[in-house]
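Okay, here's what each chain looks like letter by letter:
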Amino acid sequence: MDCLKKVREELERGWTGPNPDCEYGPCHYYGQDCTYCFCPFYPCGDEELGENITTPKGKIWSCMQCHHIHRTPVCKYIASRVKELNITDPEDPRLRGLLNESKDKFMVPGKAIMVVGATSDAGKSIAVAALCRIISRKGYSVTPMKTQNMSLNSMITSDGSEIASIQMLQAKAAQLRHPDHNINPILLKPMKNGMTQVIVNGKHFGDMDVDSYYNEFVPSEGIDAVKKSIGILRKRYEFVIMEGAGSPAEINIYDKDIANMRAAETADADCILIVNVQWGGAFAYALGTIELLPPNDRKRIKGIIFNNLRGDPSSLKDGAKELERLTGVPVLGIIPHIGIPLPREDSLTLGSSDTNDEGKIRICVVKLPKIANFTDLDPLYHENVSVIYTDEPKDMKDADVIIIPGTKDTTDALRWMRSSGMDDAVKAMKGIVPIIGICGGYQIMCGTLNDPLGIEGGVPSSAEGLGLFSATVRWDTGTCKRAVVSGTLAVTGEDMSGYEVHSGETVTDESPLFELRTKDGPVNEGSVRYDEKLFGTYLHGIFDAPAFRRYILKMTGKYVTSEFSDMHYSDVLDDTMDKLADVFERSLNMNVFEKIFMGGGQ
Amino acid sequence: MNIIFLGTSSNAGKTLISALFCRYLRSKMIMVSPFKALNLSSRSFVTDDGSEIGVGQALQAWASDIRPNGRMNPVLMKADGGKIKVIVNGARENIDTSDRGSLLSRALWSFDELSDMFEAVVAEGSGSPAEINLRDHDVANMNFASSRNIPAILVGDIEKGGVFAGIYGTWLLTEEKNRHLMKGFIINKYYGDKEILKSGIGRIEELTGMRCLGVIPYIDVSLPEEDTFGSAKEGYSDIEIDAFIASLDSIIENITEHIDMEALVRIASGSSA
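Line by line, the protein sequences are chains A and B.
Following the numbering used here, the numbering of the first sequence begins with 1 at its first residue and continues without gaps.
Following the numbering used here, the numbering of the second sequence begins with 1 at its first residue and continues without gaps.
It is worth saying that the hints were derived from the structure and are not from the lab.
Fair warning: there could be bad hints in the mix.
In silico lysine to any residue, SDA-like type, Cα no more than 20 Å apart, as pairs [stated by the list, open to error]:
{"#": "1", "chain 1": "B", "residue 1": "Lys194", "chain 2": "A", "residue 2": "Tyr254"}
{"#": "2", "chain 1": "B", "residue 1": "Lys83", "chain 2": "A", "residue 2": "Ser315"}
{"#": "3", "chain 1": "A", "residue 1": "Lys360", "chain 2": "A", "residue 2": "Thr390"}
{"#": "4", "chain 1": "B", "residue 1": "Lys198", "chain 2": "A", "residue 2": "Asp255"}
{"#": "5", "chain 1": "A", "residue 1": "Lys235", "chain 2": "A", "residue 2": "Val108"}
{"#": "6", "chain 1": "B", "residue 1": "Lys189", "chain 2": "B", "residue 2": "Arg211"}
{"#": "7", "chain 1": "B", "residue 1": "Lys198", "chain 2": "A", "residue 2": "Pro294"}
{"#": "8", "chain 1": "A", "residue 1": "Lys256", "chain 2": "B", "residue 2": "Ser199"}
{"#": "9", "chain 1": "B", "residue 1": "Lys194", "chain 2": "A", "residue 2": "Asn193"}
{"#": "10", "chain 1": "A", "residue 1": "Lys228", "chain 2": "A", "residue 2": "Glu216"}
{"#": "11", "chain 1": "A", "residue 1": "Lys481", "chain 2": "A", "residue 2": "Val200"}
{"#": "12", "chain 1": "A", "residue 1": "Lys76", "chain 2": "A", "residue 2": "Arg94"}
{"#": "13", "chain 1": "A", "residue 1": "Lys256", "chain 2": "B", "residue 2": "Lys198"}
{"#": "14", "chain 1": "B", "residue 1": "Lys198", "chain 2": "A", "residue 2": "Lys579"}
{"#": "15", "chain 1": "A", "residue 1": "Lys256", "chain 2": "A", "residue 2": "Gly206"}
{"#": "16", "chain 1": "B", "residue 1": "Lys194", "chain 2": "A", "residue 2": "Ile253"}
{"#": "17", "chain 1": "A", "residue 1": "Lys579", "chain 2": "A", "residue 2": "Gly339"}
{"#": "18", "chain 1": "A", "residue 1": "Lys5", "chain 2": "A", "residue 2": "Asp92"}
Listing some non-contacts, in silico: residues in chain A with all C-beta distances to chain B over 12 Å [stated by the list, open to error]:
{"#": "19", "residue": "Thr72"}
{"#": "20", "residue": "Lys76"}
{"#": "21", "residue": "Ser102"}
{"#": "22", "residue": "Ile251"}
{"#": "23", "residue": "Arg418"}
{"#": "24", "residue": "Tyr551"}
Even for Gly, the Cβ is constructed at its ideal location relative to N, Cα and C.
Isolated chain A, as found in the complex (with noise of 0.2 Å):
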């Protein structure tokens, strides 16, 4: 393709504006300016728009993370200029100083607004997903972000990196094509005896206990990672959209928490506090918050919303208006308890409320402790199923699947499948429903676990899986691998996606799951055993593309075509956020909103 002449044809038409109908776009995010779809300024080399990356064919300048030339002002702006300068070469000097005159007069930061939670479960995820919607589609660029998130539920980004899935989720609710590792630059994954492992910017970083975390890493490497992301989300996007963690108000340990007010600061976000009212208390929770804050802190506060409301939000006005007076911070509305499923975020939250008894076909989920990366079974919540999640070896004989998930310590949850007589009630299950096992659960499946060096378990290990599969999991050979791949199902050939993250591999005489396109061809994955309905696999996300999720419900003989989605995961996501969108839009006070939270943006 001849880039140049693109742009000698883009300079000489002038301002496009946005091209949603492209059927390449959004490129870089919804809303998004195309009227420079080829850069005139290509490759600046300018580091705060783009990077050097190394591809299989060599170095490349990317530009993957820049929004500046896709900003309408920008657009215009240069459009303007070229006009009166009468450019029309695309090698004309003079179209370097262009790039640095928008960037003086345009790239400002951008406006951080950050959701803070009374409690934990107050809602600030759904929040900060609803509000990165909410101002996506008003046709700004904005991106979620955490700076500290505790979650065993991962997933990797197109360049490699590991966070936390819920800020993924939110990534998709702002309407992002390239999400990265500044959205959630920490991640904790907790482990067994109090150690905690922690990622940073999307890599391992180290094994921690609590002490040396906030004494040590903290104070240095810690705030250092978050003031660089954001930073650097703020120079890309219009909003930043950030989530606290927990509480804010934790006042024993104030001056160690870079998740809450320190990111506000550094950010110099506006602050908006969501209370959960289901569990009685929410005014006084809301006032002990904010009068816990100190002063330049709660400055910081400008909006408060009251959460999960079951009944009717008159009943709250009063209450709601004594608080305002008390506190002198708005109430932007009252947000209604939401019936549609929505993605787990930690194990804290999995309960009895996770269990949908109605659906046609039941699937059994073995509880392991540590029990990781079970947003991997959130498709289902969409389909006639119930999802149970369950440690009673009892229930295995009634399920019409059975899925063996994801585990932190897949040798201590064979363990404790051993102790607790699970083992040989999913065992009895062979052959008569389909049982799977998914990374942690893929391995419990394999005949020998071994651990010479201690890399899963601590202390070194070698021990007997359940033994389903014809098939040796090892740790020794130092693989830990993270990549979104794609291929096929292998018994229909039908597409499918997923992403791998785990330590160990499964050196394997069954026949491979799926096949992957990788760049050095196919490449098998996984075990199958179709006579016994045995399957197993590394890769998660599994049930997002429908071909595996029919394949596995038709096995039951209690799928009826006409009964169960045939959607993308990825679609029914997107509609998702769309209705969150529409329940915050209803329910908040949208003017108060926008004049407090949006005016000083751009």
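Starting from the structure of chain A, add chain B where the hints point.
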């Protein structure tokens, strides 16, 4: 000797802590009765005299080595197929539930009777006492406590986070004329190193004048949940009751590590902690 345990939210642990304190007083040979002015629950227990009371008060009665009776929970509001049934002093009465004044006077009447009969009455509040939108309707919390000058202890659940905000906010929203009754607070469901909480606790003590009377770990006792609208089990087997009492006794053996029981006794006796 009277005391009331209030919660910063529902499920903060009022019921269990009240039961523990009843059991502790009983172990000191003090005749004690539990009390909850108003209970909103779908689960009830039928007493010997045919009264319906909340299951929490039945359990607390057993912890006090006495038989449950209707006075322990004079007003029980039961959700029943979308409607709310109001049971006053054990009998289903057709009364105006919006007339909280008359509900409060009936509750006080029962409380006074218990006060005459027992050396100590250990009361628990309902939900949060700081629901400012419902302040005029409050029967079970500060309206009750202030009517009889009962010292109050606030229980906050640390598990869901924001416990300092919950305690401080509840205290701030307590009407000034009643704040002198708020004597102390207890932090419930804590797993970690207590040392970490110290500075936060000190700050709340300084701001409110309340004293921290305990930091207790998650206590695993098979207490039936009160506020969920699940299936109502009307009775317990002797085995279940014995197991419950035994688990309270085993907790009380080491309770002084977690709760300053003697300070609670002093507060209940009307002296300062």
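A quick look at each hint next to the structure:
1. B:Lys194 - A:Tyr254: 16 Å, holds
2. B:Lys83 - A:Ser315: Since the Cα atoms of Lys83 (chain B) and Ser315 (chain A) sit roughly 18 Å apart, the hinted pair holds (cutoff 20 Å).
3. A:Lys360 - A:Thr390: 18 Å, holds
4. B:Lys198 - A:Asp255: 14 Å, holds
5. A:Lys235 - A:Val108: With Cα atoms ~7 Å apart, Lys235 (chain A) and Val108 (chain A) stay inside 20 Å; holds.
6. B:Lys189 - B:Arg211: 18 Å, holds
7. B:Lys198 - A:Pro294: Holds, because 18 Å separates the two Cα atoms, which is no more than 20 Å.
8. A:Lys256 - B:Ser199: 13 Å, holds
9. B:Lys194 - A:Asn193: Judged against 20 Å, a Cα distance of about 18 Å means the pair holds.
10. A:Lys228 - A:Glu216: 18 Å, holds
11. A:Lys481 - A:Val200: 16 Å, holds
12. A:Lys76 - A:Arg94: The given pair, whose Cα atoms are some 17 Å apart, holds under the 20 Å limit.
13. A:Lys256 - B:Lys198: 15 Å, holds
14. B:Lys198 - A:Lys579: 44 Å, violated
15. A:Lys256 - A:Gly206: Holds: Lys256 (chain A) and Gly206 (chain A) sit about 19 Å apart, inside 20 Å.
16. B:Lys194 - A:Ile253: 13 Å, holds
17. A:Lys579 - A:Gly339: 11 Å, holds
18. A:Lys5 - A:Asp92: Holds, at about 14 Å.
19. Thr72: 41 Å, holds
20. Lys76: Label holds. Min Cβ-Cβ 46 Å, cutoff 12 Å.
21. Ser102: With a cut-off of 12 Å, Ser102 (chain A) remains clear of chain B, as the shortest Cβ separation is near 45 Å.
22. Ile251: 5 Å, violated
23. Arg418: 24 Å, holds
24. Tyr551: Given a closest Cβ separation of 38 Å, the condition holds.
Against the hints set out earlier in the document, violations occur for numbers 14, 22.
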